[in-house]
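Just need the whole structure built from these sequences, with the hints factored in.
Mapping the sequence shown onto the working numbering, position 247 (from 1) lands on 247, and the numbers just tick up by one.
There are no misleading hints in this set.
EDC-like cross-link-like pairs, simulated, lysine to aspartate or glutamate; straight-line CA separation at most 20 Å:
1) 153 / 179
2) 153 / 182
3) 225 / 249
4) 153 / 172
5) 225 / 158
6) 153 / 188
7) 153 / 178
8) 153 / 187
The following label-pair restraints were derived from C-beta to C-beta distances:
9) 92 / 168: 38 to 48 Å
10) 237 / 11: 35 to 45 Å
11) 72 / 168: 38 to 48 Å
12) 186 / 154: 12 to 22 Å
13) 134 / 1: 36 to 46 Å
14) 81 / 134: 11 to 21 Å
Treat the hints as calculated values from the structure; they're not laboratory data. For each residue, glycine too, the CB sits at the ideal point set by N, CA and C.
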Amino acid sequence: MYATNDVEVDGRQIRYYRAGEGNPRTLLFLHGSGPGVTALANWSGAITRLSDDFDCIAPDILGFGDSYHPDEVLDAETMLQLRIESLVELTRTLNLESVDLVGNSMGGRISLALLLQHPDVFRRATLMGTGGVAVTVPITLSRVRNFYDDPSKATLREMFANFLHNPAALGDLTALADERFEVATRDDVRRSHLSTFNGGPAPFDLNRFRTLAAPVSLVHGREDKVVPVQASLSLLEVIPHADAHIIGECGHWLQLEKPAEFDALIRSFHSSK
Numbered sequence: 001m002y003a004t005n006d007v008e009v010d011g012r013q014i015r016y017y018r019a020g021e022g023n024p025r026t027l028l029f030l031h032g033s034g035p036g037v038t039a040l041a042n043w044s045g046a047i048t049r050l051s052d053d054f055d056c057i058a059p060d061i062l063g064f065g066d067s068y069h070p071d072e073v074l075d076a077e078t079m080l081q082l083r084i085e086s087l088v089e090l091t092r093t094l095n096l097e098s099v100d101l102v103g104n105s106m107g108g109r110i111s112l113a114l115l116l117q118h119p120d121v122f123r124r125a126t127l128m129g130t131g132g133v134a135v136t137v138p139i140t141l142s143r144v145r146n147f148y149d150d151p152s153k154a155t156l157r158e159m160f161a162n163f164l165h166n167p168a169a170l171g172d173l174t175a176l177a178d179e180r181f182e183v184a185t186r187d188d189v190r191r192s193h194l195s196t197f198n199g200g201p202a203p204f205d206l207n208r209f210r211t212l213a214a215p216v217s218l219v220h221g222r223e224d225k226v227v228p229v230q231a232s233l234s235l236l237e238v239i240p241h242a243d244a245h246i247i248g249e250c251g252h253w254l255q256l257e258k259p260a261e262f263d264a265l266i267r268s269f270h271s272s273k
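Here it is as structure tokens:
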């Protein structure tokens with residue numbers, strides 16, 4: 001199981017969940033965006049399963065769940081930088097000197113920024129369906145962005161079904177949509193969601209990654225309808241120490257749809273020297 005913790009980071013509360021504390025290698029799990037998303041929605045199973053081998057930490061990233069939400073709608077780039085800075089400060093507050101990253105979607109984008117900006121702390125990363133690459137935006141991502149134009153539980157359920165190649169892998173999507181809708185309709189969550197997509201943020205300049213020293217494992221579901229596989233293939237072309245794993249019969253949520261494959265990839269890559 002995991003422990004639930006709150007910590008103040010630069011005067012802002014950050015909620016995080018931890019399992020396997022005391023293990024020598026720390027994995028920081030960074031979730032994606034979307035209406036009502038939380039760290040537990042993305043990572044509760046993963047951090048529990050992997051806690052025998054790793055110190056697993058999964059925060060509600062700033063502007064999500066039970067972490068701090070800004071009082072007003074910000075532009076997307078400002079919101080992204082706040083999130084990056086808060087995660088750096090979180091590692092300092094928890095006295096973490098060497099951290100591996102596991103990022104899904106938006107969490108992958110943030111992971112790349114952390115590798116570039118703080119290579120002394122962040123050692124390597126697994127990136128799943130990473131956002132931030134200039135690709136044609138699928139209709140599913142457009143629906144995520146525009147959810148609050150006409151929010152409903154039915155829309156959430158349809159969205160979750162499109163995140164998966166096999167929706168049955170997640171069981172009762174109606175119950176999941178009901179649970180997430182309660183979070184998504186909070187005023188602070190709505191405001192932060194609008195900030196996430198308010199005018200950007202701009203896609204990566206891929207040339208920035210040509211000098212990235214950290215090893216990167218790019219993982220992508222072949223049937224991903226949120227972020228096309230081409231996003232990971234584009235990163236593979238420019239990141240010097242990258243490899244790629246394209247997983248068949250899998251959508252955007254590998255850790256939920258193919259947990260055994262996900263766990264094996266994490267253990268193999270993050271147990272390396």
